[in-house]
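Participant: Using the sequences and the hints given, assemble the complete structure.
The lines below spell out each chain.
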Amino acid sequence: MFETFQEMFSYAFLTRAVIVGVLVSLCSSLLGVVLVLKRYSMIGDGLSHVGFGSLAVAAALNIAPLTVSVPVVVFAAFLLLRVSENSKIKGDAFVALISTSAMAAGVLVISITTGMNTDVCNYMFGSILAMTKADVYLSVTLSICVLVLFVLFYNKIFAVTFDETFAKASGVKTGALNALIAALTAITVVLGMRMMGALLISSLIIFPSLTSMRVFKSFKSVVISSALISAICFFIGVTGSFLYSTPTGASIVAVNAAVFCIFASISVIKRRFAL
Amino acid sequence: MSTPLIKCKNVSFEYDGNVVLENINFEICEGDYLCIAGSNGSGKSTLIKGLLKLKKPFKGEIAFSDGLSLRDISYLAQKTDAQKDFPASVWEAVSCGALNKKGFNFFFSKTDKQNIENALKRLDVFDLKSKCFRELSGGQQQRVLIARAICSLKKLLILDELSSGLDPNALNNSYSLLKKLNKENGITIVAVSHDVKNCAKAADKILHLANKQLFFGNAQEYLKSDIGKSWTENANV
Ligand SMILES: Nc1ncnc2c1ncn2[C@@H]1O[C@H](COP(=O)(O)OP(=O)(O)O)[C@@H](O)[C@H]1O
Ligand SMILES: [Mg+2]
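Chains as they are written, first to last, in numbering that gives the first Met the number 0: chain B, 0 to 274; chain P, 0 to 236.
Keep in mind the hints are simulated off the structure, nothing from the lab. Fair warning: there could be bad hints in the mix.
To be verified - Cut-off 25 Å, straight-line C-alpha distance, at most; resulting in silico cross-link-like pairs (SDA-like, lysine to any residue): (1) P/K109 <-> B/V147; (2) P/K130 <-> B/V147; (3) P/K178 <-> P/N114; (4) P/K83 <-> B/V147.
Facilitator: Here it is in structure tokens:
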């Protein structure tokens, strides 16, 4: 076991990937709790499609992918948030509309320019080899910002999630906070996409919080346990993918799914014994 | 005569073109205990949302006095089922009441925590503080939400349907708590209720709504007026 880790960390690219991965897992799990409880989990999925589109365009134009994707996806996040808050439009359907359009744009750009090469496959299914050194620095900086902001605004984020009306009536700037949550989510989705792929990144957001909610019953315990579960699942997934040469993203999701099943059984057993 | 904290002039509200409240004129003065009464659907909750700037009137004006800001108002909302499957402890639910402070306060101070504890004790839910909010009974949840409003208490307390889910004992305790806050601590109270009879007994002033303003004035006058008589004698309308 120890030798496996020693071998893993002897590869510089893997060490980098693990550092970024753990940070992004933490970000996505924290925001995931909020998004799931606010019924916004669709937004994470929608953003990943927009992210794919923008990455494809960036690749075609030969620009550093993150510098294009981060602003585009942040903008899309504000848009999706506005749409979901507006009760007159069917929010979830509109999210699908925007996200599939962006995805289609990405696919078209790819087919006209580079064609379906490994780069594109990496964006779809994720690869830890895809990250350059510059990517790593940017990813580490951004994810630390996300974590710090989440901790600083923790009380207010809880208030807008639990009861937005009350928060607004107490003078909390709910509009600004929702925008903050959307921006943090967008950054996390883009960072996570490189590793998990556009198709799987939303699982990183949804799984840990749903898993924790099986067993834990206060917001704080759900948040802490989501963060732990997410980081641990990531680590097991990466190690597994290294040992058995499986795709990283899919391996991490598989571990998350297994942990979800364990927690769901725990909750069933707990309920049985309480009866 | 004290100065009005909030003054409503010819205020009207609508939802998608349907007018639900028309030409409301009244004021809330410092130290008042005002009861807003009316049957279901008469527009009470809508008016409260207007006072809290959660909903804009399409006509008229709601003016706050100079010293008053949203942070000075504590609010007990009519229960929604938004919090039905939310993992939150009772302590966490009440802690939202400690957020109505000026400036950047990222974490709760010792005073905030003390405030939260006091509010929990006042509503007799201190023992439940680590329990999961969604697993409480309706009446216990209501008490927790009242505690949250009490925790944020500054000048003005607005309660929408205080009585919902409370057993008679808890209801009596809550009414005496309001009375005490009003008389001893000088807190201005606005209580909304469909239960005109009980609400009118506790308050000093009455605003009676039925999609328009039926009455605004002193409680004694109200009980003597025709409309007051017909509503309070007709038991639970
Ligand atoms: N969000 C809404 N959209 C449309 N109509 C509403 C909405 N909220 C309330 N109404 C309507 O406004 C009227 C007044 O409602 P409300 O203020 O909740 O009454 P009350 O609190 O006195 O029972 C009702 O007829 C209700 O149907
Ligand atoms: Mg109402």
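Participant: Would you mind marking each hint as holding or not holding in the structure?
Facilitator: Comparing the hints with the structure gives:
1. P/K109 <-> B/V147: Distance of about 22 Å is within 25 Å: holds.
2. P/K130 <-> B/V147: violated (29 Å)
3. P/K178 <-> P/N114: holds (20 Å)
4. P/K83 <-> B/V147: Roughly 30 Å separates the two Cα atoms, so the pair is violated.
The structure is inconsistent with the numbered hints 2, 4, although it conforms to all the rest.
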